[in-house]
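Single-letter residue listing:
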Amino acid sequence: MPSMDAISRNLMLDSLREYAKRRIPYDLIRDLDEKNEFPAEILKEMYDRDTLGVHLLMIPEAYGGVSGGTYDIYRICEALARIDLGIATGVFATFLGTDPLNVGGTEEQKEKWLKRIASENLLVAYAATEPDAGSDLVNLRTRAEHVVKNGRIAGYRITGNKQWISNGGVADMHTVLALAPGGPSWFIVEKDMEGFSANKHEDKHGIRLSNTAGLSLDNVYVPAENLIGMEEGKGLLQAQAVFGYTRVMVAAFGLGAGEEAVEQAIRYSQQRIQGGGPLSDKQGYTHKLIVPNYVKLEGARSYIEYTALRLDSGEHGLQTEGAIAKYGASEWGNKAADDAIQALGGYGYTKDFPVEKIKRDIKITCIYEGTSEVLEMTIYRGRWQEHLKSRGRYYLDMADRLDELHAKEPRCGAHASALALRALGAVMEECRLQKLTRHQHVTFKLGRLIAAAETAAIFSTAAGAQKYAETVRFDREGWQAMARVFAREAALNTAMEGLALVLGAADSGNSLADAVNIEAVQAEQKGMVADMDLVAAKLKQTFKAK
Amino acid sequence: MNIVVCVKQVPDSTEVKINPETGTLIRAGVPSIINPYDHFALQTALELKAKHDFKVTLVSMGPPQAKSVVQMGMALGADEGVLLSDMAFAGSDTWATSYALAKAIKKIGKVDLIFAGMQAIDGDTAQTGPGVAQQLGMPQITFCERVEVDGRRIIAHKQIDGGHEVVEARPPVLLTMIMHKDYTPRYPSFLSVNASLKKPFHTWNAADIGAEPQYLGLKGSPTQVDKIYPPPQREKAAMFSGSGAEGMARIMQIMKAEHFLED
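Going down the list, the protein sequences come from chains A and B.
Number 1373 in the working numbering belongs to position 65 of the first sequence; there are no gaps in the numbering.
Number 862 in the working numbering belongs to position 43 of the second sequence; there are no gaps in the numbering.
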């Protein structure tokens, strides 16, 4: 679905924030976190169509929803993550659980179920993971067997166990992946069906406001019309079709929670006087704990927006892009939250300050909806194909476009991004020539390098654009400085780590120093400290102490 | 009855800072909100609409992004929205703004009640509402906190120094609203935001409302802002933690040291 107009989107965001301000204060969140309790009443209110109706974003207007696009959903997910990642996960689970219907449901199924989800405020769960089938769904054990009446398939009997299901113990309906005779397929299972039960709510490290439970399905009978799409064997395709999109949502969680943690640290640092002045004025503090993290997250934001807008314009799949968006936002968000505890010192280590909880919560974004390692593999696979198909030109062509941008906009980091992309192209080509991708370590590491270099390129492109997105909270000078800091680091890391990777894996010792253009990458580092000073000043100006 | 509510988009007052060098407001990156007094006026109008099935039309004047407050009002229940947007309006003071709003209200047609906030939190002049009444030659009741309608009787409860006054009027009348202290502004649900897109919304320029250029903008404004400056900062307060008794003891000690109290 294309995204809605900016005014409507921002009115919805304002309503969500206003609701949270009134109904979900930190003391309540802290209490629920301590008790490991799912806030059923809050979720019901958030789904209530007269109060908020946040779940309606996922539902097309024809079925009683508001037809949100990926960009809208990204913005709402980011805002939810800034409130509480557990509550955000509860909402996300409904989004995810609704997806198989949106993607693969027949018109009649959409008419029935999407309308019910919209009007009855149903909590939904997405039940794919099993004790022995997490990232690798090929090992699916849950079975759906035909129940034949009068010579035709009247229904299915589903038996198996599901694990780590968000909303598992509280959802009104579940979309369950099971192995039918014709292959993996999605089924709609309602909570009161005979033989269906949810196990205990897990005692988790973080997102403790999100209900997570295993499910037991013991010969659960579902009528044939509950097979999504009315065709067996489409389950994995239906699941994969939305990865680009669902990973953008989790990326928005990493972004929102991560930036929230850093912003709290920035506000704190202006009041905390140490060694004769506020911490916010000390490079030893800002240039280690604040600036690098915020810059990375703004890079992740630009990549999320780039992917969301492409999906909204009608492109399908974008699995590699979704993976890059989620990988960056979750890994960098996790690091940012860790550093935010450090930035608050002893206070950060207590539960009186939300950064401690954010750090526990945000870790999940590196795990669910594709672990970081699965994403490294996905990113490598997607781009390795491009590298081969283009005979090594993929990143070189992209670098040419960045150089063209640099000629017009010399201050958006495009030159450094082009250096990162060229170094990446050279490293990948050397890996091909020396057949280094036989090492799994090389492939995963390439995934990491690709994520950073591509994000640098997209960040520079966004910072070089004439008009900025509605989400940019800095002036041109500040945002371009952030893009430069990101791009310089990406160029240096791609060149140095790429070089080390090849040298470490190859039999022969050909140095790549010239191919990755180490001299130019080093020269590009000039001005880094001054840019970090500028970014620190802009952050302080934007996030003033309360 | 037909009700018009005048609303203004203002910068969130808690975020606004003044540039000490240029003396102008720093608006970049500051979120915009509906003027809280206008929000209360709108809510009052919508309560009357719910009770009596009146029609509520919103009018605002501002740059294109001010559409946001009109759409929000429609999401909350108003039936129709008008935004006056034209470079010719830029720089208008309260008099020129009242002129434009009055012209727009005339174009809307038969209007029985006009609501406006008592004042906007950015300018704090409290002149625009009364100005509109003056331009339309309409009676006005200011500082209202509650309004009832009984047939053709408009009963306004207004605040006055040291008490309350109940005033009756016949339509048409313009009312400016203060805020109840226990008032909580409503916010729209996602569904009502979406539904507001389907309500009639018009953007009118100066020509559309038949406004004469010499009465608009800077040249149509009898008042010009000479300078804006922040009030001098008060000295920093000292904060004490501990029990009430300990705090009191510290305060007594300081007051004695500063000779506010005798030993």
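It should be emphasised that the hints constitute simulated quantities derived from the structure, not laboratory data.
There may be inaccurate statements among the hints.
[Unchecked claim] Here are the simulated lysine-lysine pairs, BS3-like style, with alpha carbons at most 25 Å apart:
no., chain 1, residue 1, chain 2, residue 2
1, A, K1846, B, K836
2, B, K977, B, K870
3, B, K1000, A, K1329
4, B, K1055, A, K1852
5, B, K836, A, K1329
[Stated by the list, open to error] Covered by chain A, per the in silico footprint, the following chain B stretches (three or more residues, Cβ under 8 Å):
no., region
6, 890-901
7, 1035-1046
The structure presented is a predicted model; accordingly, all values stated were derived computationally and were not measured.
We put the beta carbon where it would ideally sit given N, CA and C, even for glycine.
Hints violated by the structure (numbers, ascending):
7
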